[in-house]
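> Residue numbers (our numbering), protein chains in the order written: chain A, 1 to 592; chain B, 10001 to 11224.
Keeping only pairs whose Cα atoms sit at most 30 Å apart, straight-line, the calculated DSSO-like set for lysine-lysine is:
| # | chain 1 | residue 1 | chain 2 | residue 2 |
| --- | --- | --- | --- | --- |
| 1 | A | LYS298 | B | LYS10084 |
| 2 | A | LYS298 | B | LYS10881 |
| 3 | B | LYS11006 | B | LYS10937 |
| 4 | B | LYS10265 | B | LYS10459 |
| 5 | B | LYS10276 | B | LYS10265 |
| 6 | B | LYS10056 | A | LYS342 |
| 7 | A | LYS170 | B | LYS10056 |
It is worth saying that the hints were derived from the structure and are not from the lab.
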Amino acid sequence: MEKIKITVGLGSCGIAAGAGKTYDKLIEWQQDVNYNFELAKTSCIGMCFNEPLVEVSSNQGSWLYGAVDEKRMQEILNYHSIKNEPLTKYVVYSENLDTPGKTYFDGQVKIALRNCGYIDPENMNEAEASGAYNAIKKIVSEKLSADTVIQMVLDSGLRGRGGAGFPTGKKWQFAKSYSGDEKYVICNADEGDPGAFMDRSLLEGDPHSVLEGMIICAYSIGATGGVIYCRAEYPLAIIRLNIAIEQSRSKGYLGKNIFGLQGFNFDIYVKEGAGAFVCGEETALIASIEGKRGMPNKRPPFPAEAGLWGKPTNINNVETWANIPWIINNGPEKYAAYGTEKSKGTKVFALTGKIKNGGLVEVPMGITVNEIIFKLGGGIIGDKQFKAVQLGGPSGGCIPAHLGETLIDYDSVQATGAIMGSGGMVVMDETTCMVDIARFFLDFTVKESCGKCTFCRIGTKRMLEILERICDGQGADGDIEKLEELGHQIIENSLCGLGQTAPNPVLSTIRYFRNEYEAHIYDKKCPAKVCKKLITYMVDEEKCTGCTICAVKCPTKAISGEKKKTHFVHQELCIKCGACFSNCNFDAIRLV
Amino acid sequence: MIKITINNQEFEATKGESIYDVAKRNNISIPTLCHDERLEPYSSCYVCVVEIDGMKNLQPSCSTRVMEGMKIHTENDRVKRARKTALDLLMSNHYADCVGPCKIACPAHVDVQGYISLIEKKQYTEAIALIKQKNPLPAICGRVCVRPCEFNCRRNLLDEGAGVGVDYLKRFAADIDLNSDNRFMPEKNSATGKKVAIIGAGPGGLSAAFWLQQKGHQCDIYEAMPKPGGWLRYGIPEYRLPNDVLDKEIETITDLGVNIYCNKKLGDNLSYAELKNNYNSVILTIGSQKGTLLGTEGEDAEGVYSGIDFLKNMEATGQRADFRGKTVVVVGGGNTAMDCCRTSIRCKADKVYVVYRRTEKEMPANPIEIHESKIEGVEYLFLTNPVRVNKTIDGKLESVRLIKMALGEPDASGRRRPVEVPGSEFDLKTDFILAAIGQKTEVNFLDDMNSHTAEGELKINKWGDIDVDPLTLQTGIPGVFAAGDGVSGPATIIEAIAQAQTASRSCHQYLMGEEMSLDPEEFVSRKDHFSKLNESDFKGHFELQFRKEMPVLDASGRLNFKEVELGYDNEETALQETGRCLECGCSEFFSCDLQKYATQYGADQKKYSGMYNNIPVDFRHPLIEIDNNKCILCARCVRICRDIAGANALGLVKRGVETAIAPSMGDSLSHTHCDSCGLCISACPTGAITENFPFKPGPVRTDMFQTISPFGGLGEKTTIHHKNDFIFKTTGASGFVNPDTNIDPLAKFGYRFFNTSERITRPMIRKDGKLTKVSFEEAISFIAENIKKVKPEENAFFAGARLTNEEQYLIQKLARAGAKSNAVHSFHYLFSGKGYIHNSLKNAALSDIPQAASVYLFTSRLNYDNAGLGYTINNARRKNKLKVHLYLENNTNNVKLQHKCDEVHHVKSYYYFVKAANHYLLSQGKENMMYIEHHCKNFEEYKKQLLSENYNALVEKAGSREMIEKFADAYNMQMNSILVFAEKEISGNTATEIRNLAMITGKPGKIASGIIALKEKNNAQGLLDMGAFCCIAPGTVKYDDPEVLAKLSNVWKVPVASFDGICTADKLQQAQLKNLLIFGEDPVGCAIDKQMVKAMLQQSKFIVVQDYILTETAALADVVLPASSPFETGGSFTNSQRSIQSFEAGMKPMTEMSNIAQINALMKQFGIKTISENEAILGEASAFLNGNSLVLEFLSTDSDNYQPVFRYGCDVAMKYYYENCFLE
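Work the whole structure out from these sequences, hints included.
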């Protein structure tokens, strides 16, 4: 019996899907003499829609299985152990098999995620075997100067992956140019966009790449302290970060005179954030670390000049940090070979919404929206009509289907009114109401506004109230113009990025779907049939068989009718819950 | 230097400056709400935004730093639009009233809340002055106004439909003013030479004349009737508005120079041609004079009259109708109907019916009138309407046919329309019908005017009223204006007055050749813009206080025309009624920046209406009130509390639109680290954090003056806001020691004492055991007599530390030159031991604090007693990394101070701690010999003496050896370290040892080094410098020096008292003093052991006390003199740092003779030449202040001599503060 290796994906996504149980079962089976396998764990493999994911590898190859619960695991295990061959019907990806996951993986270029899903994130040896800390070791051994390192980062064309896309090398240059008895490096791991989870996956899957990126920056700008500001809702990430930090310390990679370099003192600790969206904003993040209420301050002074505790500080996002060691190891040219003129390298996207292959993908810049959605993403669930994709979460905007050939790079995306943001991609189909989706995102920012500046605090709330009115069928002539006027004013007159971008989802949906707004306001109709107050459930007399299921399921007894006779919806009682619609077996409930 | 342009003009600026600062420096005003120059920029309000070329977004100018070549625009359309939107948004969540609904409801917008506040303070003339800005007829309106103010009063929602008795209060104040010898008379501009003819002497005409005459225009009123008053006289019966009240109030208008010509009717015996030739402008206030009848068949019957004609005839003829045995039917439901029916009763009618087609609820008449009429016997036929008048064959009235009505659908007015009930007719026999259902305007001079005018045309509108421009009230003829019923049709008095105001403003603008325009509309935030308030908004939040109804004539005594309402019987009733005012309008209305900018940028509260916060007002702190609904979240309060006060007692809670200010942990502010300093109040740009006033703050417009705080020893400059000497509040002003305007809580809240109603204004002499008011003359000679009766040295004079330098100087001069006694002292320093004299010598300046590296606090109460210095230290600690070390003695503890310090140490005794430190430094040879040799005297002797003491014994009494030596070394070695101590908490000997320490370490006189001594009282230093001590003469020189005595004799031109070497304290204790003259101190009231002090004082034979109120000491006195306050006299104080600060008087004296005048009067009794001007007195005193009299001299001490006998600096005003306004 050939020995096989079984690796279970134990990222938060896997655990949530039940990977923990599968893993526990495997530990049990390891005691079974009938089986002979090596058990390993890794983190998110990216294909979140197929979790739990388990990889089985042997001399003959490797097979990634999807949706592996205990039962399926046993089947697979038996196949490999007894028949010594893969159980192909469950394989989602294998190099030599034509599986649904083929395009999903083959279309990707993994730089930031290079180790995610391959290594055990809690195992230092595995990390180092995969190249962790090679970049900083190279810098030290080759005695690369700080300026050389910064130049490499500059040459790579890497731009901040947190959303704003500021050139990372430039940011480092600034931080280096200000002197201070102490300087700090901060990792912004306050991932807050609804629908974005690439930072969490990275921290869970390859924490050392983030630490190494920070160490390289500390070396370059002369920092002495590092903080990873991570939201407390990411407990697994925090556990793994702390394990990684401890491992690095014990290896002499953090602490005093690290990597044997006299005077290179740098250490990192994890600060848990309470989960306020605004704390992803640099100055609010710093205030929060300092123990103050997380509220932004006017820049300048930028953190590079006066940041944490008033000292020069460089802040980068998790994904940015993860790119750094790769750039140093492989050279900036190689990184810059990917992407477009002004947007180099790769970008990780979190695909969510009405898309078949929801999960994380890392793609080279310059790929089109359609490629991501239809090639990697596998298209729309139920093969419905693709309507738009929301990029950049609540700070971003939508790119409508007709602009599907837009290139994914900072400038092309911005030209559509959306933003690259941190890489959240919420895919919407014909059943998504664009007014409702704008309301949804604005509701998020309204609740997350820190309350400091007037326009963001009150202005966004007023916009939301107008949207709510529109969705409730109370929209009035002039509301769209009022939204536009207020939206522009909020963008112009807000202190931080939160307020300056909060109206984007509204303005961009008005830009591309003004007719939907007008339908709500003037016709009192929701074309996507989402806004409850604007839709009516009716029984299709021709299709209704009088099976009574709708009447039984209706929670307010709004449907009546005799058996085998056409039923009827009493509109005054209907609360538009949709129970009849989803339970009807004859497609006899119509939405009007 | 960099160059920028603002609004296309070039300016120089320094790198790092904000745009706001540069603009302000160059007098370009940029509005801001969140920026406070005492704090770092914050940028939350976005009202200060500006446009910068090349930048995509607008930028907040307060936090945007200038850069070379920046091009800035501060007032273009984009910027203005953004500011307006910011204000619209802020206002959309500003659930608050700028002014009360009473003022808004009043057509003339009389400031009801303001005058109620003034009535509360018994400032009746001021109240009338305020009313007359908008309504010149308060005594009349106080009786007969329809009172929209009261119907809109929120008390209605609380006390079962009884609004505040606004009119009763107005009448109360107006009657007092009207009957006083000194009626309010508005100021008048000098004559313009223009003349205005006013047609009609009704309320409109009288009001127009009142305002225009003030503007300097000669107003002549032409009245058709024999007497002025219009309907006030001819329509309203005397039992409601007595003619003498009317006459007197009209007199207040004619007193201004207005002429009234009666029996002159335009178009009749007066032609417009005449007016046109003699006047520059005409105002038509002709009223609506013609009564309408029933409009039914038979109304021409004899016995059918219009109600107003009936009333008018009676007044005009002076003949009262005789209705004995008759029945009268009054038709209508308004106030005229009430006047008719109640008059009919008074004309002794047998039966009086009121016929009204709806129900009582719909009656437009004042409910009180209906109520009174019923008491008087009027019967009501509701839901009834006349359809025909039945007359006899000879045309006389026989009966009236009435029909029953029912209420149908609501009509345009919202009232249900009455409809006839078919077949319900019935006849009612009656002798008279008085139709009170309407009036019409009659313009009889149309042709006369139009035929004599060269330009324009007077027109009548479709209702038969004069046609005017609704905004300016100008008629079709330029320069001819119209107001009142003649324009609006029959309306109310107050509406006529409101119109008269508009017409007179337009007329004035016309006369002055100005463009006729309305005043810019002022922004007014109103809770009503958000939702309709109801009972639940008030019940449970306010106490129920039922309305005190006005006393009225007994119903049996009403068959006459005597006034029925009698007026409040006393001030107490009025005061009680003022207490019912809920003060809906904001106390900060006149100082609110938010309101100011909202007006300036035309903010619209309803544009972005939506969800709003409605958070209960937090009244829990006795001094500070938080109304989050007014808060704009600028966080100035939060920041000033954290950065300057250092208390960090306030914070922000929740997120987004629900964010609010809250004391930490949501507790009451008084349970936090709040020091009750009031800096938060000073920072609030609107009315969200205000003083929790113990009186009704109005708001009223106050007068202001600047002064030096008469409380703490720092000498902070303050602004006193007062109205007729009642102090409404104190705010900080930019002064020598507080350039940033921050003031300590004593200065902030201490003013409350001066609003006391207990001020003594006349001298009193004890006669037969009772203090009896006497004249100053009698009191002064009585005192002088008693002084002369005993040996000179048996007279002792005590001067308070609160007194001005001038007063203190004169008191010691009176003693030494007049009474020839050297027993001069101050209870403030008495018994507290020697050693305080040198404390202020070469102190580090307060302004050096930011340059210091460390401060050592030998005071446990810096956050309370000397909070002003505390602010500077907190701010330097935060900004300049100043290290603060607190040393607390024995069991003292102050958690609110401890958290503001870097280190806290507990020592057993300040005295031994410092002495041990000195011993340690000297024994280790760590003294700064170079400094000592150059600057100090007496070192060797001191050293010998000190080193002879046992170090271990000192350590034993001080605390730990380690702590002492660590402190000594740190203080010694650190370049810029300052030791701060408060005289209030340490003995004189400790102060001496602290000074020795400073000299040993070579610090006094160097920048940010040495010591800062804090005095307890505003002018404690003055006592020393002015020589109000038995052992020292003016200039802090020893009194035993013959040269000094010679100089004094020389200047004072009389022999002076000799030095007997006995301390006044000893004399007092040994009962050697027969006469005690105590100026501005309350030793008994402020004593720790009152019995002991009382017994000690009572050993003397004769006590004179000069103070503001009858203090516990004054209660013992044989003569009590009323003290003047520094606010009333001006003068100078010398602060803890020995800076002399002069200030002017700002209020009028409450006593006939000031303190100085009283002392001078006594001085005269001893033949001493007097000086009375403050500057001259200080000038004479200054001759002795040569500044070099004190030298750095080492002095040995033997023991701690801290035996405090008095608290509160021995001052009754400070005592009041600590007992009433202080929260520890």
